[in-house]
Amino acid sequence: MSQDKNKICDPKVFEEIFRTYAKDLKRFLYFKTRDMDVAEDIMQDTFVTLWSNCSNVSYEKVKSYLFTVGNNLFLNMKKREKLMRSHQNEVSSRPTNESPEFIMLEKEFLEKIERTIANLPENDREVFLLNRIEKKKYREIAEKLDISIKTVEKRMHNALKTMKEHIGKV
Amino acid sequence: MKKESLHIENDAYLAQWMSGEISDTELNNFVSEEDARAYFDLREGLHIFEALEQPLERSFTAVQNRIRTKESAKVRKLYLRWAASVAAVAIVFFGLFSMLNQGNTVIHTSIAEQKIITLLDGSEVIVNAKSELSFNKKTWEARREVHLTGEAYFKVKKGSTFSVITENGTIDVLGTQFNVNSNQDYFEVNCYEGRVEVSNLEKNYILNPGKAFRRINGNDQEQWNFGNTTPSWIAGESSFKSVPLKYVILSLEKQYNLKFDSTKIDDNLVFTGSFGHNDIEVALASVFRPMQIHYNIRDDVIVLN
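Listed in order, the protein sequences are those of chains E and Y.
Here the first sequence stands for residues 1 to 170, where the numbers follow the working numbering.
Here the second sequence stands for residues 1 to 305, where the numbers follow the working numbering.
None of the hints are false.
Listed next, the in silico DSSO-like pairs over lysine-lysine satisfying Cα-Cα at most 27 Å (straight line):
1. Lys70(Y) / Lys12(E)
2. Lys136(E) / Lys161(E)
3. Lys158(Y) / Lys138(Y)
4. Lys158(Y) / Lys211(Y)
5. Lys157(Y) / Lys23(E)
6. Lys136(E) / Lys155(Y)
7. Lys157(Y) / Lys112(E)
8. Lys12(E) / Lys138(Y)
9. Lys112(E) / Lys154(E)
10. Lys150(E) / Lys211(Y)
11. Lys164(E) / Lys136(E)
12. Lys241(Y) / Lys259(Y)
13. Lys144(E) / Lys158(Y)
14. Lys63(E) / Lys32(E)
15. Lys150(E) / Lys203(Y)
16. Lys107(E) / Lys161(E)
17. Lys70(Y) / Lys7(E)
18. Lys115(Y) / Lys138(Y)
19. Lys107(E) / Lys158(Y)
20. Lys135(E) / Lys150(E)
21. Lys154(E) / Lys211(Y)
22. Lys246(Y) / Lys115(Y)
23. Lys32(E) / Lys82(E)
24. Lys137(Y) / Lys7(E)
25. Lys203(Y) / Lys144(E)
26. Lys158(Y) / Lys115(Y)
27. Lys157(Y) / Lys137(E)
28. Lys136(E) / Lys137(Y)
29. Lys23(E) / Lys70(Y)
30. Lys23(E) / Lys78(E)
31. Lys138(Y) / Lys135(E)
32. Lys246(Y) / Lys211(Y)
From the structure, some residues in chain E lie toward chain Y, with a derived Cβ separation under 8 Å:
33. Phe18
34. Ala22
35. Gln44
36. Phe47
37. Val48
38. Phe109
39. Leu129
40. Ile133
To be clear, the hints were calculated from the coordinates, so they are not data collected in a lab.
Fair warning: this is a prediction, and the values are worked out from it, not measured in the lab.
Idealized CB from N, CA, C, for every residue including glycine.
Okay, chain Y solo, but in the shape it has when bound:
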């Protein structure tokens, strides 16, 4: 009878036993002796499993150090003077290099360009046009952290917290797929898989798959659902859902080398729709026709009215 009542009261005793809050002997109060033995074996196996699954970064550094000491020992015997001068030059260059470069890697994309990058942990990033992504190789092991201006789609490998830092807020994830668009005061995050945490100075948001978050110009936080499984821009089409025309024009400027003069129109009108990245005529028509805005090309500038 005692066992029965404990079962009802506590439905997480295994978790507590695993963390040491419940002792091995106490576990016998919850399960049969045979089951307890099975759990002990499981724990034993998990310890080995955990030890084998630990990241091997440190091992790799150790291997590199051993290779380095071995090589320098080998070289010295054969070409001592030559090696010494090469080493001296290398040290000077290395010194200069490390002074100038603090291990920061910066990735730029120009207008109409997309880049696919694999990060040090195997995570993938697809960077959209006219964006900048940077990360620090030296601190990467300690913190998976990238800085982003513009738009990018992330496929993050499972592991420690992965942070995307933008001017508009920070996105923290463990291992998922998501899209971030941070351009000037426009900020949008779409979660495609897993769970994404968006935080800015004021608040925290948790996004589940199929959920998106947007903040424009510091106000009006909105959340909504979407259906697609990857961002449309990867397939060469930029889509918008109730986005002020201002940001749509910004996006056009990034895909086609264009300048717009929007002084004669209200660029706060909201636009829902999309444009392709291949044909400038079609793209302009698909944005401005539905909005009943005329456009003329004058001295490389597109005047809207």
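Looking at chain E on its own, in the form it has when it is part of the complex:
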């Protein structure tokens, strides 16, 4: 049992945990904060906290630990912000699109995007991911895959079209 408790203190295990959950945690925090940089900061804080408590957290429960800590850090930040605002008598800077419905919709929207990308035909998906995630230009993709730029553009076009049809409106 004690062996299991110290498992996370092994840098290799810690790194593996980071690679497994960091993206999900950041995504979760993004939906809460609506700010990519803040989400990134809290995500890093969460993992630093995990490391300093590594001997007290069991490997099996690390996922829920991460999300709980992340959520608490987010709530603390909100509290601090609220306190600061009340002192400065300021109004909230982001009044509109924070309604829970909007967040839900956007979350669903992103999930739909993810699913649709996974279901794109192999050729279209390859071009789409090279362009959007790897930030390669159409010309570079054409060279890489040994096809014409025209073909690359057509595949990209088809990918976008398929996505729009599957996803519809927000």
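With the hints as your guide, set chain Y onto chain E.
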């Protein structure tokens, strides 16, 4: 009518709009206003999606740095002298270590041994007997690059270009499954999934799934199709298709600790067939019987005639 004709002329306008060649207003010439709005929303969502999908290597380094500074601050208060001496020793060792080792990781397999390795990005490599695979941990983030002598099967995770560098040429892929065999002047690449680019000094080849490429002794580039979904050697059997006997013997030497004397035979004869990795008698018989070659064991050397 204008919309109609534009449709026929340009069937990639969405790609051009995504890359900024066509403006948002111009997009309205191609699609209805409602569709245009849907595309704007899609682009918006994609931006967030892209930001969330970015690799987190830098974040991990940041976390590590923060942990390190935090720990050193904590330790100093409690055991200052002890920590200082430990740190000094650690620094000396680390210095020596990094001087001797430039972040290179080398994986060897001995005769009849196979190793399964997971690389830093999660890609898998199965290394066949008597082969060597090396990669540099420090430059891995910038370049996914491995050096190979011998034979290995790769399952590459999607991502930036993944290169396998051999003496006989370089293989570039994005995310696929393929097998590379580079032994002396024998060079064979089989593509099982995705798309593989093979380049040597003279030429470039693109392989699609089920296609293989081979070059022996610097000439006779050949390409052919095959049917299996993973290399047979992973399941303990080496297969050959019209391969000069010389390389088959080399392969036998790698699986069984054997030496061959092939001075009395023509080792350029071509062999098609396979041998198993478990039973030496059966293996020898399955290679040399069909070729009508006799073999005798003499002082640990197998003489062929």
